[in-house]
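> Sequence:
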Amino acid sequence: MAAGNRQNRIKAYYLIRGLFSYCLLLFIFAALSTCTPYPESLLSDYQQRLQRVLPQAQFTESLNKAALPALPQVRELTQSLPAATIDLTDMLALDVCDLETLIAERNSSLGKVKTDSGLLHYELRLLDKLGLCLTTPALANQLDTELIAKLQQIFLQKQQQLPAVFANLLSRDQTLRQQLAGSQRGVASEQGGSSETLQALQQLNKLRQLVQKQDYQAASQIDINQALGVLHQTQLIADLQHSLRLSQQFFLQLNTALATLSNTELCQADRSIRDNLLTQIFIGRVQAELARVDGIANELSAALLQLYQQHPLQPTVQDRLVAPQQALQHQLRQHVAFWQRWRQCDQPG
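Using the numbering used here, the letters of the sequence shown map in sequence onto residues 155 to 503.
Straight-line C-alpha distance at most 30 Å; calculated DSBU-like pairs for lysine-lysine:
#1 K312 with K367
#2 K283 with K312
#3 K360 with K268
#4 K283 with K304
Keep in mind the hints are simulated off the structure, nothing from the lab.
Whenever a hint applies, use it, and build me the whole structure from the sequences.
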């Protein structure tokens, strides 16, 4: 009886250990799967399936990815701003125009090291308050002529400098530069953030338009840091660049290899396997995913081109997003033409 119990305990022990080992292997496999770079995993799987159907094809295992040129240096893009001439020691002006808190904030140690977004927000608030003070008779009448002239001079100077302040934000902000620099990962199949990224860019574009319209009150209400924070969190613009460049290079090399195959070699392939590869893998997975990425690129590229309109970094947006997207679209059309050629094997004669 004791021997039987002992054998049962041994069996239970090995059963539990086996289940534990199996679960551990599943966990490791899942972890490795989540670490597989994207879209490399999707494209590599597609190429491997093609290779099995077309063993004669000489596919390239690695992608010949050209290195991107570095972004222009910040110092090359920075627009110099004349030193501020604000010296509002007249307490009447500070009080009447409600500038005391704003000027004190600017003159503090923290205010003197503002980020570009913080400086832009400060300038917008200052212009809003100065403009209100100068155009509201009940306020302007409390100031003498000399002080009004001084305030008008300050307002004009700040108004003229504002486009340069906004341009410096686009040139120097770390988050924006990170997005334009790109990443080493692609847009994952389940990666979200598309609508949030687009909304953030739309907010920045709205700010740009309000600055051009000189609507400083409305512009000062836009939370610049919130929009930049969304771009930093999603990293979608940076990831999108990688997906577009890598996919374009993949199909360029794939199409080059497939073009060397003769009709005889193509028509030797199993028809049912070929059709399954077309419908289930290329159309169902690869083309569907690239269509999703293309849609994201359409929206974000348009918003970025608008944001960087007439800015020195606009060609960078064109080169890093628009050009690879167009090149990928061309390569996909070439690949569809290959499939049309392959399916001509079904025609008699």
